[in-house]
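S.K.: Letter by letter, the chains look like this.
There are 2 protein chains.
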Amino acid sequence: MAEQNQQILLVSRPKGTPKMEDFSFENISMPEPKNGQVLLKTLYLSVDPYMRGRMSDAKSYVAPFELHKPLNGGIVAEVVESRSSELEEGDIVIGNLDWARYQVADDAALRKIDPSVAPISTNLGILGMPGLTAYFGLLDIGKPQPGETVVVSGAAGAVGSAVGQIAKIKGTRVVGIAGTDEKVNYLKNELGFDEVINYKTCGNIKEALEKACPDGIDVYFENVGGEISDAVFTMLNKYARIPLCGQISLYNEENPDKGPRIQGYILKSSAILQGFIVSNYAEHFAEGAQELGKWVQEGKLKYEENIVEGFDHTIDAFLGLFTGANLGKQLVKVADPSK
Amino acid sequence: MAEQNQQILLVSRPKGTPKMEDFSFENISMPEPKNGQVLLKTLYLSVDPYMRGRMSDAKSYVAPFELHKPLNGGIVAEVVESRSSELEEGDIVIGNLDWARYQVADDAALRKIDPSVAPISTNLGILGMPGLTAYFGLLDIGKPQPGETVVVSGAAGAVGSAVGQIAKIKGTRVVGIAGTDEKVNYLKNELGFDEVINYKTCGNIKEALEKACPDGIDVYFENVGGEISDAVFTMLNKYARIPLCGQISLYNEENPDKGPRIQGYILKSSAILQGFIVSNYAEHFAEGAQELGKWVQEGKLKYEENIVEGFDHTIDAFLGLFTGANLGKQLVKVADPSK
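From first to last, the protein sequence lines stand for chains A and B.
One point on numbering: in our numbering, the residue at position 60 of the first sequence is 60, and numbering is uninterrupted.
Positions in the second sequence are counted from 1; adding 339 to them yields our numbering.
Keep in mind the hints are simulated off the structure, nothing from the lab.
These numbers were taken from a predicted model, which means no experiment stands behind them.
Some hints could be false.
Below are the DSS-like pairs computed for lysine-lysine, each with C-alpha atoms no more than 27 Å apart in a straight line [said to hold, decoys possible]:
{"id": "1", "chain 1": "A", "residue 1": "Lys200", "chain 2": "A", "residue 2": "Lys168"}
{"id": "2", "chain 1": "B", "residue 1": "Lys597", "chain 2": "B", "residue 2": "Lys641"}
{"id": "3", "chain 1": "B", "residue 1": "Lys354", "chain 2": "A", "residue 2": "Lys258"}
{"id": "4", "chain 1": "B", "residue 1": "Lys597", "chain 2": "A", "residue 2": "Lys238"}
Assemble the whole structure, with the sequences as input and the hints as a guide.
M.R.: Structure, rendered in structure tokens:
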């Protein structure tokens, strides 16, 4: 316990793209667990696009981060001291925890992980929030049917790459949209997407979509918003379904985004546009995680992790989400497990 | 059969708001029914906002009207000569028929009306397409729950006025949006809406909505589009439902409409925006019409008809839909039944 403890605070609400100065690393003392609590050492920390929304104080689906308090999110940690009857030293757990090297938490707020199933980091990725987001958004809202065309934007991200593979498992034609040739190659050659459009080099995105989707679009898994979406909305088939998961292209916009109103397209195609957040499905997480784990073990569902080493680089890793640099789930590795 | 026959043709595709010159009245001969057909005399003719869409040749949910062919729509007619074993002279029928004083039709394309249930014109209104649009859009998509807040735009129209009343029957708080004080008074005092906003005189529509909907908005039955919708979308409660029925404010716009992108609001509230057209529910029309008829007979569901007299005034009646002049269902009375 001689190690130094440290946490990351939000010190100002970002305007536009967050900057380093919006955050502060603070040295703090090592906390002591009380009865029913454990002391945790952070092993892996998840950075996610939705956190940008929590940095603003606008009303949203999750409460905003508080100023001058530690940021928080999904974290895999090791129990290093236990005053809980449920958990013991050496256990690996997951929870929504502070961005700190060490912290105490109530045992009830943690879920124990079985490290023998898959690498523990996957509980923040393909078997965790991003995998479950893909699973429930695509299957519950998108309802893909064999032979249909599924388009997914942000296709190389942690959610998007799972969406495309699950859509393939369900027998659909899958068209991804991504922003680098490396991602395009990965999605086509490694993950078996039928077509992938590089929106940065394809020229006219609508023409590229029309070529890639000769039978129109039945399901659009929406991660990005903006002009890519505008093009997709013009191509919806009757009864199209649009799971609306994110709008990453717009999170750093200071003013409300303007564009073609989409209602006309939704109306003409009797389509469904449905926003969601994975916690809407909390009651069904166990079922989803089991199915995802089965597909991973069968080799039907692959995943990439982009791991930045070191707590010091947490903010770099977060900011990287908005530059289109990441392939797969973005994680920060803070420490190795003790054993 | 010595009467003159006449039909109305679409002679040019309107640019923006349709003009008289886009249509032509043509004198034609009296047609002769063949076996299985009847000769029909048009009694009531329905003019509807969706017809504007059919005057363009853009892809939509219904095929465009053909140039230099008669327009068509919902018509109540009398059988004046029958070569059908199903229908006899004097029967009153409804069907999708040409805008003509007289025409022949296959008996299979017609549905016989029982004039004893309600005035025959109601088969084009509260018991017909507009009533069924309100019924299925509100109940199947909107799913109003007791105590929730339901907002309906175009509230004094044939669809909107039925939506608000059905929402009241379902125990919700109903807020209408309409464009004249006469409509506001009618909806509040005659139909029992809880609040009605005159969007033309209320000043800031968002402030007016916030005052009328202190608990936010759970269901938005969307008929109009444009700035009214933009304001509503900022006020959606979690899991809000938006039956998207029409966009009358935009039908005559020549360029794609631009405005704030709404995806962010749908996402934040985990809302559902679903486009529909009443024909999606064709299998369930009998059930819907029966329920609507029951409510009408019980006095729970009132309706207004705005009847223009004379086939010559059909185009005036249609154009009036876009000036906000009509209260309730807009019809043209072409002729009285023989008996």
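S.K.: Which numbered conditions among the earlier hints are violated in the structure presented, ordered from lowest to highest?
M.R.: 2
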